[in-house]
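There are 2 protein chains.
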Amino acid sequence: MEMLTCNLDRGSNIPLYEQLYDYIKNEIMEGRIPYGTKLPSKRKLSEFLTISQNTVEQAYDQLGAEGYIEGFPRKGYFVLAHEDLEYVQPVRYENMPEQETEPIKYNFHPSRIDTENFPFEKWRKSAKNIIDKENQALLLMGDWQGERVLREEIAHYIYQARGVHCSPEAIILGAGVETLLQQLILLLGNQAAYGVEDPGYHAISRILKNYPNEVSPLEVDGKGVKVDNLEGSKLDIVYVTPSRHFPYGAVLSANRRIKLLNWAASKEKRFIIEDDYDSEFRYVGKAIPSLQSMDQNDKVIYLGTFSKSLIPSIRISYMVLPKQLIKLYKEKLSFFQCSVSRIDQHILARFMREGDFEKHLNRMRKVYRRKMDKTLELLKPYERFVEIVGDLSGFHIVLKVNNGMPEKELVERALQKSVKVYPLSSYLLESHYESQPIIILGFAGIPEPELANAIELLLKSWKIL
Amino acid sequence: MEMLTCNLDRGSNIPLYEQLYDYIKNEIMEGRIPYGTKLPSKRKLSEFLTISQNTVEQAYDQLGAEGYIEGFPRKGYFVLAHEDLEYVQPVRYENMPEQETEPIKYNFHPSRIDTENFPFEKWRKSAKNIIDKENQALLLMGDWQGERVLREEIAHYIYQARGVHCSPEAIILGAGVETLLQQLILLLGNQAAYGVEDPGYHAISRILKNYPNEVSPLEVDGKGVKVDNLEGSKLDIVYVTPSRHFPYGAVLSANRRIKLLNWAASKEKRFIIEDDYDSEFRYVGKAIPSLQSMDQNDKVIYLGTFSKSLIPSIRISYMVLPKQLIKLYKEKLSFFQCSVSRIDQHILARFMREGDFEKHLNRMRKVYRRKMDKTLELLKPYERFVEIVGDLSGFHIVLKVNNGMPEKELVERALQKSVKVYPLSSYLLESHYESQPIIILGFAGIPEPELANAIELLLKSWKIL
Chain A
454 MEMLTCNLDR
464 GSNIPLYEQL
474 YDYIKNEIME
484 GRIPYGTKLP
494 SKRKLSEFLT
504 ISQNTVEQAY
514 DQLGAEGYIE
524 GFPRKGYFVL
534 AHEDLEYVQP
544 VRYENMPEQE
554 TEPIKYNFHP
564 SRIDTENFPF
574 EKWRKSAKNI
584 IDKENQALLL
594 MGDWQGERVL
604 REEIAHYIYQ
614 ARGVHCSPEA
624 IILGAGVETL
634 LQQLILLLGN
644 QAAYGVEDPG
654 YHAISRILKN
664 YPNEVSPLEV
674 DGKGVKVDNL
684 EGSKLDIVYV
694 TPSRHFPYGA
704 VLSANRRIKL
714 LNWAASKEKR
724 FIIEDDYDSE
734 FRYVGKAIPS
744 LQSMDQNDKV
754 IYLGTFSKSL
764 IPSIRISYMV
774 LPKQLIKLYK
784 EKLSFFQCSV
794 SRIDQHILAR
804 FMREGDFEKH
814 LNRMRKVYRR
824 KMDKTLELLK
834 PYERFVEIVG
844 DLSGFHIVLK
854 VNNGMPEKEL
864 VERALQKSVK
874 VYPLSSYLLE
884 SHYESQPIII
894 LGFAGIPEPE
904 LANAIELLLK
914 SWKIL
Chain B
454 MEMLTCNLDR
464 GSNIPLYEQL
474 YDYIKNEIME
484 GRIPYGTKLP
494 SKRKLSEFLT
504 ISQNTVEQAY
514 DQLGAEGYIE
524 GFPRKGYFVL
534 AHEDLEYVQP
544 VRYENMPEQE
554 TEPIKYNFHP
564 SRIDTENFPF
574 EKWRKSAKNI
584 IDKENQALLL
594 MGDWQGERVL
604 REEIAHYIYQ
614 ARGVHCSPEA
624 IILGAGVETL
634 LQQLILLLGN
644 QAAYGVEDPG
654 YHAISRILKN
664 YPNEVSPLEV
674 DGKGVKVDNL
684 EGSKLDIVYV
694 TPSRHFPYGA
704 VLSANRRIKL
714 LNWAASKEKR
724 FIIEDDYDSE
734 FRYVGKAIPS
744 LQSMDQNDKV
754 IYLGTFSKSL
764 IPSIRISYMV
774 LPKQLIKLYK
784 EKLSFFQCSV
794 SRIDQHILAR
804 FMREGDFEKH
814 LNRMRKVYRR
824 KMDKTLELLK
834 PYERFVEIVG
844 DLSGFHIVLK
854 VNNGMPEKEL
864 VERALQKSVK
874 VYPLSSYLLE
884 SHYESQPIII
894 LGFAGIPEPE
904 LANAIELLLK
914 SWKIL
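Protein chains in written order, with my numbering: chain A, 454 to 918; chain B, 454 to 918.
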């Protein structure tokens, strides 16, 4: 090839070398400069285009780096072979609007928390303290298990609050319970057969559906999950919410706890996953002891989270692994970096160490208790239609609704009044499960002064009021 | 049972009801109060122990809640059946010390970044601005894809910087590339067969090892991954680092890019995962265009991260999914909550919107370029022994070491001088891979004034100096 006739725009803010590079690349891609063509020498092209040799060299180097041309010493630059690529318009996403949000005034989702009373000032102070040039080591990757300082605070806290026996070495932090559950599933292997509460926390069964593992539903009644048939089953892992069954509210009875622990103890590969999602918040009597605290055989995997006790959007959860599993995790999965921001871990550790977490918990227990009492008081006159079942604690109550409407209608009618409630059926694993209409009512996220209005709207939508 | 002889300690700070509850619970667990026993009535027990009826009621309620006893109207409280539980000492973890850290003075890990120049003040300002009572909505769970404001900033940025065609609807955020890869593996299903670069980013093969999917190594040479044999293979998914092969440094040639894209385009289930881990940092010429920007058939899954461009410990990464995969993700996996702290997402979005991210990138490009130039200059006199191969960009260089020592010895000798370097062999999928000793030298994390000393120590340990 004698020469390249490229129109360079010297007034443009695109550098000349880049214009030249773009031109040659296009000519090659469009097939106008065929495979094997020898390009003009740098000197000749620079003279022809009245640009510096350096500019041509930059363009050629870039083309070389990307593999369009290749330079051979004392021979020059040649166009390399390439396959044709059809030119179509780039994909557009215009027709994919984000999910529209329904106009909801009151959202009774059980995972919602009170946001009015979060100690922003203290958290900000903790953040300010941590985000500091003196802490520049925190910018690099930290411990795969999570920061030691935070694990120490957690070990202390769950021992005090939940009787959980553990030391910081047994704790692994993760960005939410879902993230930890995925690691657990990998840890326990493809062959492990799972039993999950039905109804239950639906994330676990939804997650498991994507893995090769077998999953079986376990029936739940007023004493928690039924454990009588475990021994004869093929199950290896049982996932439970013993302190307060989600969403039904039952506390797993002492008798069943012991049966469950004995079942797990009797075979090496059996384990219990205890999801202790909201047991910090019990308003009558002492906290229900964790199942892990009763376990003498190192068979309980304890899952905890700051989603309820602090805020859900911070995405900090933790698991306490039995000794043999922490060993296995180290061998098999410790290449996974900790999924929680190291800076956030230190902010939280400081917040706990300063006693701010405990103060916050104590304050919030009162806030939520008031909200629950208020909710119960507002519903009391209508108990003929809305019977409250399960343990009275945590962030939601469970209503058996007895006004003749099926669950679907209850949800839809509420929504017409801009009130969002959640049916038990959305927490069922097997669709054939028979049940009276049951609604899960998460009161925690509704501002206290608006509870009366929210419940009134709800009862009106159900034609109870 | 007539009466319960419980010694209550009125001077203790454990409430009386809790002492009574503990006593009865222990008596039941130890078998001293057998199954079926009727407990004394609340009135009688309160008189006997000279405590209030209310205290007895609290203790009975707690025992009832935990399933040790059950109350029947007009009949009284009865002990429920339970199985025996052996009492052993709780598990202790004392013998599991945390991994000891080796005494390392200079760590040349390729994932390490410069921490001296992080704009702590601006980040703190952004954090302060976001952690505010006015933003209390941010405490609740946000968008499962990640916050819209941040996705908009990212879409804009990767279009400008990497030519990636996407809109915010195609982006999913996650707590690190490893977290996103796990979601991707679930999305693409158990049946998908993977091809991964060998040598390559070892996380992908380590992760895949825990899934049922088949994984095959793909050979790499000076033009990137070899793609000639793809068509005849059973592969569905190919994982590549086209802008700069990790760790070898080769840029995938234009010809191979087109072949790869055409391979993917010719069958519905085929996709390419493009891991664009550090391509913001190219110091000579323009950035190598992303593979995604050349894709006309919606076949490239683009993975990006803030681990290099900002800080690794913040754990924010993202993927851009082809249209059909974003649709599938919504159907199949959108129940997963976003694994990144919502507050952090807003802090980062603000940081980007204010132009601070761009300024930071521009500054860091100069910092890293200086570090690389310095490293090259320091090694230049010894090029007979340490040949530098691959593209000169990013955070590490690749050394072919030619002093007669095998890789293992090179690493060990460096460590004796408190210098940590990483052998190519640790990035190999198949151990039988033959190669001359190659060392990956991440210069980015070494403070500039100490580079000379670090390299000197290294060369001395290798007996080159």
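These are computed hints drawn from the structure, not numbers from a lab. Please note: incorrect hints may appear among the correct ones.
Any copy will do: because identical chains look the same in the list, a pair fits if it lies in one copy or spans two.
Unchecked claim - Straight-line distance between alpha carbons at most 27 Å, and here's what the computed DSS-like set of lysine-lysine pairs gives:
hint, residue 1, residue 2
1, Lys-739, Lys-495
2, Lys-916, Lys-824
3, Lys-558, Lys-812
4, Lys-662, Lys-785
5, Lys-853, Lys-873
6, Lys-785, Lys-873
All values reported here derive from a predicted model rather than from experimental measurement.
*When no copy is named, should Lys-785 and Lys-873 be tagged within, between, both, or neither for a Cα gap of at most 27 Å?*
Between copies only: 23 Å across chains, 43 Å inside a chain, cut-off 27 Å.
_Please sort Lys-916 with Lys-824 into within, between, both or neither, judging by C-alpha distance up to 27 Å._
within (23 Å within a copy, 73 Å between copies)
*How would you label the pair Lys-662, Lys-785 (within, between, both, or neither) given a Cα cut-off of 27 Å?*
For Lys-662 and Lys-785, the Cα distance is within 27 Å both inside one copy (23 Å) and across copies (10 Å).
*Have a look at Lys-853 and Lys-873 and pick one of within, between, both or neither, based on CA distance no larger than 27 Å.*
within (17 Å within a copy, 64 Å between copies)
*Alpha-carbon proximity context of Lys-558 and Lys-812, limit 27 Å*: neither (30 Å within a copy, 42 Å between copies)
*Can you give me the call for Lys-739 and Lys-495, within, between, both or neither, at a CA distance of at most 27 Å?*
Between. Shortest inter-copy distance 19 Å satisfies the 27 Å Cα cut-off; intra-copy 83 Å does not.
Hint violations for this structure: number 3 only, all remaining hints satisfied.
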